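A.B. asks: Please construct the entire structure, taking both the sequences and the accompanying hints into account.
These protein sequences, in sequence, are chains A and B. The first sequence maps to residues 13 to 270 in my numbering. The second sequence maps to residues 8 to 492 in my numbering.
Please keep in mind that the hints were generated in silico from the structure rather than gathered at the bench. Some hints here could point you the wrong way.
With a straight-line Cα cutoff of 20 Å, these simulated DMTMM-like cross-link-like pairs (lysine to aspartate or glutamate) come out [to be verified]:
hint: 1; chain 1: A; residue 1: K167; chain 2: B; residue 2: E439
hint: 2; chain 1: A; residue 1: K167; chain 2: B; residue 2: D440
hint: 3; chain 1: A; residue 1: K124; chain 2: B; residue 2: E454
hint: 4; chain 1: B; residue 1: K436; chain 2: B; residue 2: E474
hint: 5; chain 1: B; residue 1: K436; chain 2: A; residue 2: E160
hint: 6; chain 1: B; residue 1: K465; chain 2: A; residue 2: E105
Since this is a predicted model, take the numbers as computed values, not measurements.
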Amino acid sequence: MTSPLLEVENLHASVAGNEILRGVDLTVRAGEVHAVMGPNGSGKSTLAHVIAGRPGYMVTEGTVRFRGRDLLAMPPEERAREGVFLAFQYPVEIPGVSNVYFLKAAVNAIRKHRGLPEYDAIEFLSLVKQKAKLVEIDEDLVKRPVNEGFSGGEKKRNEIFQMALLDPALAILDETDSGLDIDALRVVAGGVNQLRSPERSMLVVTHYQRLLNYIVPDFLHVLVEGRIVRSGGKELALELEEKGYAWLEKEPPAVAAR
Amino acid sequence: MESVKRDNASVLELTEGEYKAGFVTDIEAETIPAGLSEDVIRLISAKKNEPQWMLDWRLKSYRHWLTMKEPTWQNVHYPPIDYQAIVYYSAPKSRKDAPKSLEEVDPKLLETYEKLGIPLRERAKLAGVAVDAVFDSVSVATTFRAELEKVGVIFCSFSEAVQNHPELVKKYLGSVVPHTDNFFAALNSAVFSDGSFCFVPKGVRCPMELSTYFRINSANTGQFERTLIVAEDRAYVSYLEGCTAPIRDENQLHAAVVELVALEGAEIKYSTVQNWYPGDSEGRGGIFNFVTKRGACRGRRSKISWTQVETGSAITWKYPSCILQGDDSVGEFYSVAVTNHRQQADTGTKMIHIGKNTKSTIVSKGISAGRGQNTYRGMVKILGKADGARNYSQCDSLLIGDRCGAHTFPYIEVNNSTAQMEHEASTSKIGEDQIFYFQQRGISPEEAVNMIVNGFCKVVFKELPMEFAVEAQKLLGVSLEGSVG
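C.D. replies: What follows is the structure, encoded as structure tokens:
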């Protein structure tokens, strides 16, 4: 068995003084796809943001290790360079900065960190062409300012496109399905599936089971009130679909996931 | 909450970056005592061997200045200036045996330019730029003059122009900015130390970009530059002005006047990168920059274009303007103004449309960070006879952090119903979520701010000559260093 990529142990975190995560344990190994489901306010997105290092979230207890290193000690940009990617639920608009310029800076920052030579403009553009095709994104979007004036679907597609370019070891998808119609969902999920590989792990955070019809996880965890209350295989999703979250909310927390 | 506190601490740490051009060159200055009187003006004039008419003009200006009051309408706040505590003349000692070439220039002076990243020699040779370097108050190095003379372009210090081209100076001095114009212009007219003079005769396209580097370097010395640029019929000239100054304990007053005259079909492009010492993070010791810049498009189809990147000074008070007198004349104003720490800027332009079918464009980008206050103040005035006048104005503000401010005061006065006016404005803020987005993609917060700011200023930067644009981008990065944590 391979050594874990991500190890979350007894993670407690609060936002503005309110404790949201109350002891999360989670282990993700290379190549695995984990889904985290849960009702609104259960702490799914908080878990995603704490791993990525978003300001405003305070870790009060517990550890997060990434390839054995203390992830919480790293600033967000270093986590990204180490291979943690967060596909945002609500990607921000960055007026005046073109997508392609932004992505070139990002890709090169990451390559530099990994001791690889930086791409020049020509190399980068050919990479862009290749990845754009993979996730079916209009090349026109690549030239526009980052997310500015993008539709909801275009923003999500842009996130997956960025993920393809940045080639992360761990991709966290934060409610990537929210606000997508069924066609957009199919395209986005198709992009994600293209990017599945034995070297890449994924943490798919979602409220609805339907995304998991397209992105089939290896493991599924149910988060309720800041704790993982149940872990299992993909069949757990169907059970949830049928019974809702209520039947789990009354149960005691599960023993450490996996 | 602790992580929030930590963020704030890093903001503080980062915003307290030292001013990169902070050092004082030790050159024995020939300085007269502080204070202002008719005697002081006579002394300045005598030291410069000026003819009687020049002294008379100074005295006339001084007497008028005495009747004026310092303006208070601007949106900047500063302690009262004691005009009797200012030294009104200071020249580097080496001036007596004025250098004929760069080799004769005080090596320490050249060293100063080196430190600033302005290797004069190399710049002059490699970039083909003629440099009229103003160090304190007297020009010490003028290059490429001969080459310019070949095509009839006069480019020299203002003092030299008074000696060698009195008829031109008499004809144009004060013709755009009269000695009575405003408090600071009147003061400048009385005590101006030196500056640049440029004359491009009929039909001549100036073969190179002209450039002046200003530098305040003597403690407590007011800097009163006077610049006059005249482009005759169908002439063209592009002029670059760059400023930087060393660290200073007390506030320094800087009241420059720039006058531009464009005759029929002439074009003047005036670009500024201003980086006077902005004061420390509490605003102590920065330059007070009260500048009057104005251009007159006298002839038909003439054009004057101002481009400015203002990153320095504790206080900036500056409205480069165009008087569009000739029919079909064009005025442009492109501006980036940055205020960080406790800097205050009240800047903008005036476009006065007098002639028919005159056109003006205003693009103003204000960036506020720290506790900086940034005000755009602009006036577009269409006079009754200016049929078919057109103006396009765009004023955008960018805020970084939540302790700074942006203010916009656009004045529009239209007296002709055929005029077409367009005004666009926006205010945006670099949000924590934007910075985090960059970080999540592996880009540092500093680089994130740089990228956003450069994107915001792109339209103005592209108006600058190439090498200046690069310098301006660098300067912006330094000015905003760590304004976001």
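A.B. asks: Given the hint that K465 (chain B) pairs with E105 (chain A), test it: the Cα-Cα distance must not exceed 20 Å.
C.D. replies: Between K465 (chain B) and E105 (chain A) the Cα gap is close to 17 Å, so the pair holds against 20 Å.
A.B. asks: Taking only the CA atoms, is the gap from K167 (chain A) to D440 (chain B) under or equal to 20 Å?
C.D. replies: 15 Å, holds
A.B. asks: Checking one constraint from the list: CA of K436 (chain B) to CA of E160 (chain A), max 20 Å. Satisfied?
C.D. replies: 15 Å, holds
A.B. asks: Is it true that the CA of K124 (chain A) sits at most 20 Å from the CA of E454 (chain B)?
C.D. replies: 15 Å, holds
A.B. asks: Next pair to validate is K167 (chain A) with E439 (chain B); report whether the Cα-Cα distance is within 20 Å.
C.D. replies: Roughly 19 Å separates the two Cα atoms, so the pair holds.
A.B. asks: Holds or violated: K436 (chain B) and E474 (chain B), Cα atoms, limit 20 Å.
C.D. replies: 29 Å, violated
Violated hint: 4 only; the structure is consistent with all others.
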